[in-house]
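Take the given structure of chain B and dock chains S, C and F with the ligands to it, following the hints.
Residue numbers (our numbering), protein chains in the order written: chain B, 1 to 358; chain S, 1 to 515; chain C, 1 to 320; chain F, 1 to 330.
These aren't lab readings, by the way, just hints derived from the structure by calculation. Note that the coordinates shown come from a computational prediction; the quantities given were computed from them, not determined experimentally. Errors might be hidden in some of the hints.
[Claimed, not checked] Facing chain F, from chain C, some residues (calculated, C-beta under 7 Å):
1) T57
2) A196
3) S200
4) N203
[As the list claims (entries may be wrong)] The calculated label-pair distances, taken between Cβ atoms and stated as ranges, are:
5) E137(C) with Q102(B): 32 to 42 Å
6) A113(F) with D227(S): 21 to 31 Å
7) I91(F) with G129(S): 49 to 59 Å
[Unchecked claim] Subject to a maximum C-alpha distance of 30 Å in a straight line, what follows is the list of computed DSS-like cross-link-like pairs (lysine-lysine):
8) K230(C) with K119(F)
9) K228(C) with K119(F)
10) K226(B) with K403(S)
Beta carbons: idealized from backbone N, C-alpha and C, even for Gly.
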Amino acid sequence: MSAPATTVVGTATPAHAHPLWRRWLFTREAAIIALLVIVIVYALATVRNFGSPLTLTYLLRDTAPILLIALPMTLVIVTEEIDLSVASILGLSSVLTGVLTQAGAPFPLAALVAIVAGAVCGVVNGFLVTVVGLPSLAVTIGTLALFRGIAVGLLGTTAITEFPEEWTDLAKALIPGTPIPVIMIPFAILAIVFAVLLHFTPFGRALYAIGLSKEAAHFSGIDVAKTKFTLFVLSGAVSGFAGVYFTLLYSNARGDNATGMELQIIAAVLLGGVSIFGGRGALHGVIAGVLLIGTLGSALRLAGVSGEVINIITGVLLILSVVSAAVLAWARGRRIALIGRRRLRTARAAGSASKPLQ
Amino acid sequence: MVVAPPESPVPADPPSSPASPLLELTDVAKAFGAVVALRSGSLALHRGSIHALIGENGAGKSTLVKIIAGLYQRDSGGFTLDGDEVDFASTAQSKAAGIAVIYQEPTLFPDLSVVENIFMGRQPTTRTGGIDRRAMREEAVAIFDRLGVRIDPDRVTDGLSIADQQIIEIAKAISLDARVLIMDEPTAALSGVEVERLFAVARSLRDEGRALMFISHRFDEVFALCDTVTVMRDGAYVATTPISETTVDALVRQMVGRDVTDLFPKLEAQIGDVVLEVEGLSRRGVFRDITFQLRAGEIVGLAGLVGAGRSEVARAVFGVDRYDSGSVRLSGRALPKGDVRAATARGVALVPEDRRKQGLVLDQSVTRNTALAIRSRLSRWGLLWESRETAASREWASRLEVKTSALDTEVGTLSGGNQQKVVLGKWLATHPSVLIVDEPTRGIDVGTKSEVHRLLSQLAQEGLAILMISSELPEVLGMADRVLVMREGRITGEFSRAEATPENVMTAATAEAAA
Amino acid sequence: GGGAPEGGNGGGEGGGEAITVTFLPKNLGNPYFDTSSKGGKAAVEAFGGAFEEVGPTEASPTSQVQYIQTAAQQGVNGLVISANDPSALCDALEEARSAGTKIVTFDSDTDPECRDLFINQATAEGIAKAQVDLIAEQIGDAGEIAILSASANATNQNAWIELMKTELEANHPDITLVDTVYGDDDDQKSFDQTAALLQSHPNLKGIISPTTVGIAAAARYLSTSEFKGKVALTGLGTPNQMREYVEDGTVTAFALWNPEDLGYLAAFAAQALVAGDITGEEGDSFEAGDLGEFEVGADGTVLLGDPFVFNADNIGDFDF
Amino acid sequence: MRILKSLLTARETGILLALILVIVAATVANPSFVFSRDGSRDLLLTPSLLLLVAVGQAVVIITRNVDLSVGSVVGLTAYLTGRLFIDVPGIPPIVVFLAGGLLGALLGLVNGALVAYAKVPALVITLGTMYIYRGINIAWTGSDRINASDLPKDFRGLGTGMFLGLPYLTLIAFAVLIVAAWYLHTRRSGRELYAIGSDPAAAHLYGLPVTNRVLMAFLVSGALSGFAGVLFAARYGTVASNAGTGWELQAIGAAVIGGVAMAGGAGTVWGAAVGAFLLLTINRALPIIGIDDFWQQAVVGALIIGAIVLDRVLAVRRHRKLIAEREDHR
Ligand SMILES: Nc1ncnc2c1ncn2[C@@H]1O[C@H](COP(=O)(O)OP(=O)(O)OP(=O)(O)O)[C@@H](O)[C@H]1O
Ligand SMILES: Nc1ncnc2c1ncn2[C@@H]1O[C@H](COP(=O)(O)OP(=O)(O)OP(=O)(O)O)[C@@H](O)[C@H]1O
Ligand SMILES: [Mg+2]
Ligand SMILES: [Mg+2]
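Only chain B is shown next, with the shape it has when bound in the complex (with noise of 0.2 Å):
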């Protein structure tokens, strides 16, 4: 492969390095896709009743709250921050949805409440990460055992399960004429908008830029502090939605539903092709690594090997999948280094033909 000329940007100068096919092909988010088409098709092949509309229906049923969270959580590691509170957010969701619904109030207003206490807890994690100026990682695991604690504080280990038949149906029900379960409407109206606004947005641009380099971001005029409280907000906010649905989806508000998430969240985030250190990734590849996770799970159930192994392969999946990266980071650095060797050679032969200073 020869490197193109570097030349003065003219009209001619190239958009784009590479072709759009090779821009798109040669990713990490292509990679996890072709990942899960693999996984898809062996599985197809080989586990029985795997090719049944209902293994759709409970993959995208069960899993709808971590691909609901991790859009908000793909934004927030994208500007090198972290969210470990999401999962306990959800759980006081939950107890406030049941608490409210038990103590008589009308379900969509319970439902209301909830949502917005989630975002209350996001407000909480954003001015503790953006005003005080603490580090995300250690607030937020403050939080997870905030939130948890008084999730489990108001309802003991007792669990409410009574609530409207309508709304629980709801929960569960599929688009007609579809094994796709009905959440996946809003899931797919909120993915659309995380893409956009992440894609297709000057926020979008800032939060890469942020997640590269605060200090030039800062620069460049984008409010920094605002946009990750902003974040964490959403964050929150879209944990209390998932933590609605989740108590619908089985009927039951309790203290401790969906402890430990958290890491399923952020383990498919990075699968998926997020980098830790901020400012790469993007959400196609996140849903296909959530949908990986669960695609991997439901099958080895069904084909009747036990959850351990789900999370073995869970856990080697991601340090895989960040190690890789290190490894390719360092091979492309390797290959910048080689051009600026080639650079030096070129100097040094010019330098030495025309001494300035004869």
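Relative to the frame of chain B, chains S, C and F with the ligands by itself:
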């Protein structure tokens, strides 16, 4: 100092010394990624001598130092210590070989005490192998006494002034008891008394037969302390001369490499109305009572020593930093405090001093970087399409003659000069009426430098008001219609183009009595 | 298990395919359920079906849902489940039923409309009375007692606790129930809860722990504490876990049914449902291998029998 | 005088006072919280296991890393302990201790190697290994469990027994704590851990062996967790596949509450130890003071947040003071 035509021809090859040098670098090269920092550096340090290394910003001095320290590994060239070829894989190895280095930027552990910072990694131990804290403390105190400074050895280094941090760096190097002591701009943040103390210590070390190297941008210091001087330019060795056989003029010529006047194609511009008014701007501990005006078509130079607080003023005006009191007005209307967005929208632009950290998102493409500050303007109905960013980027990259193979090349892989052009393009794309440039030509090659100068001149002619911060006196004198001088956070002088002589400006920038 | 004849009922439907039965306990790694699954496996082998056991590692209803769904997807013929929550599992179970799976609950029931049959280890009244009688006898029918339960919304435990309260009020006026704490069927938590109980109630005379995990953890704590022999402990436990503490005098007597029989019966009930021999109506009756014939009672419930009391004299005869 | 002053102003002292306050409050509400044989024993015994894990976690956090896999390591080694006693009848407990520590160290080494060599953030790596180790544990344990009767009596005695009025477990934990504190305070390599966490780039510039030290920190964390796993078996007697679940957050919480900064470079293992005691003592004290123990986790969360906010406020104040001092000097 006076910029004058050359007096004597300059030797182009390293001199062959009678006594064999203690440390010698020959034709060393180093590239960072795609950026070539050092093309061919050569240097010979002798026992019992203090050797000056000078060169413009970005000439590669610090890179050379870091290669000696073992922090970077050279790509090619020779490196001998006491006649033996060496290859340091880490700074631990160079330390073990008796080389102490004071880096340009202080590098301390903020959470650890002053004493621990000095001895980290080689603390004195008791017989049982435990750290001998008492011995360590006593030794630190002894070094501080020798340097004549008073710093609480038990406090953490977090929050120390740059000067105190620099003194700890010096103490660290002295405590090593090394054969070779390299100092990269150790005096940049020190006061006159502190500098004298440091020099006294340096001379005594020299008299003990050690080899010292001293990097500084201040010629008076070079002439006061050193016995030999090596000049570098654009990553390459230029000349080595005994200090007694050279003059400031000769050194400047060697550093710049061509007639100084060629560099500054100052065009006559029509000076218009006041655009920017800064009044009584203060920020505790950084700058105080800064007042100046900027007119359309005018280039105002802001001179001063490193650390005078010029960048901080620029950042406060632009809104990157907050300030405590004072006001900034643009075309008569107040500019809100600490709001970069508003400043940009109103037509202020800042090309920051550190382009790699502040100016650019290195891992992003030329396109993304050029469009970053105008991303909202490029969007339609809130949506931003890549094609519009590409068009804007192509326009500015071609106007500024950026050299790259494609517009989606990551800027981190461009050369320093091209990176600087991208930063300029990014801010010119906002169509500013006030442009603040902070060290616009730091670390870029001579050709690109004059391109930048020509561009700034043209922009002024088109009616832009330009505030140019620069540590290079010739650049300030050559380009500015008016020169402001800062020292220790205050404006200590203002000169018209006619009044501004190197002597005037240097006096305002350094004089102790002027306070 | 025994060699109960398969008879002709296996081939009644399904056209020769072996009946598949999946056991879904509250959680894995619980010796009580290990034993019930052992019985279930023996029964399924006896009638020539395919046995499988799946389950979450932590006892929570939401994690059980996934396993119910998988069973439905696999088209399992019979699902035998001990429910972590009476209503949270209902929807999933309904879906499984509409996919053709027969649902048998055992040990801990769901709402009756969500399953076909419930295999009751003993009547709730019988269990409650047995434990109250044991503790009354051990503490001389007077003093403070406390209950260490599983999770706060475990159906069966809660029902028992209610009945125990009624029984105490009615027949043991001098015994006061001062506290009910929850160990969540987690060994470590139950252990720590015991410690907390003893400390918060210095006058405590006895503890009832109607869960095998709880009673074993409590016994372990008591056996090394100053309260050993001073605070009585009884409840529901397995002989293997409790043997040591009965022998060292920490515990005098405790109760349980035979979980192996429970699993065995549940498996046969599932088989009878799948084969179409019964529908779960009151009055239906079916053959359960070695255990003989059982009849379906009210609310689709099948009763295994009365709880059995273990003490130093008889504990040596059991191994589960 | 100097020592007294630094002792009084130390971050650890504050948290110690909080601990004493909790104990006093609980004892006033119910004297047997301290003044009974079981009360005083449990006061010391319950936090001892967490203390070990928290000390290891503190060492890792001091280097500006984090180890999320400790809970899984505890689970694995606890089960290993049981298996060894079952499969190798008559095995001396000391061998089991060594095996547990060794397995833990090995698992820690895997973490450390991935973090130090692949230069991937510890959060991601240990999140991955947390899943993997737990998965291996469940796969190995299945629905099996170790029962108290599987373990030799004298081994279990370690979990509850006393020596000179102090539980063995506490003695072991304190011994480890003292060694760790001594090491971090007086050994060069110990101080280097602080330097690395304080500023990794500067550590590189100093030529400190960053890779080795990070590797070592993870190894220590793994080994201590392994050790805690063995003691878990001794204390609780029953080991199922979920042993140690959630301990990672408790250990991090203990360290953070005790003043170990997540940003590295600051804090002591003493602080982490007091943090561990505070966490679990609050846990036991809440019901006695009359607060439902369901609120325990919320209290933990509030404590963590309070601790990091406090640290931040103190740092900002110190910074302001220093700048003001400098201003005066001018
Ligand atoms: N780590 C790095 N990566 C990329 N480029 C670098 C790096 N370090 C230095 N450079 C580039 O190498 C060139 C030489 O830098 P160097 O710091 O050696 O200059 P210098 O002579 O010390 O300048 P100054 O007087 O400003 O300290 C500059 O163009 C700089 O931008
Ligand atoms: N990290 C810091 N901590 C304390 N004081 C600082 C720090 N950085 C800068 N200062 C102070 O701020 C003032 C201005 O520093 P700075 O070096 O940026 O000035 P400058 O005139 O822009 O110099 P340069 O030529 O490098 O651009 C100095 O008095 C310096 O001591
Ligand atoms: Mg330099
Ligand atoms: Mg500056």
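Hint check results:
1. T57: At 5 Å from the nearest chain F Cβ, T57(C) passes the 7 Å test, so the hint holds.
2. A196: holds, 6 Å
3. S200: With a minimum Cβ separation of about 6 Å from chain F (threshold 7 Å), the hint on S200(C) holds.
4. N203: Cβ of N203(C) sits 11 Å from chain F, so the hint is violated.
5. E137(C) with Q102(B): 32 to 42 Å: At roughly 40 Å between Cβ atoms, Q102(B) and E137(C) fall inside 32 to 42 Å, so the hint holds.
6. A113(F) with D227(S): 21 to 31 Å: violated, 51 Å
7. I91(F) with G129(S): 49 to 59 Å: Cβ of I91(F) to Cβ of G129(S): about 35 Å, so the range 49 to 59 Å is violated.
8. K230(C) with K119(F): With Cα atoms ~58 Å apart, K230(C) and K119(F) exceed 30 Å; violated.
9. K228(C) with K119(F): violated, 54 Å
10. K226(B) with K403(S): violated, 36 Å
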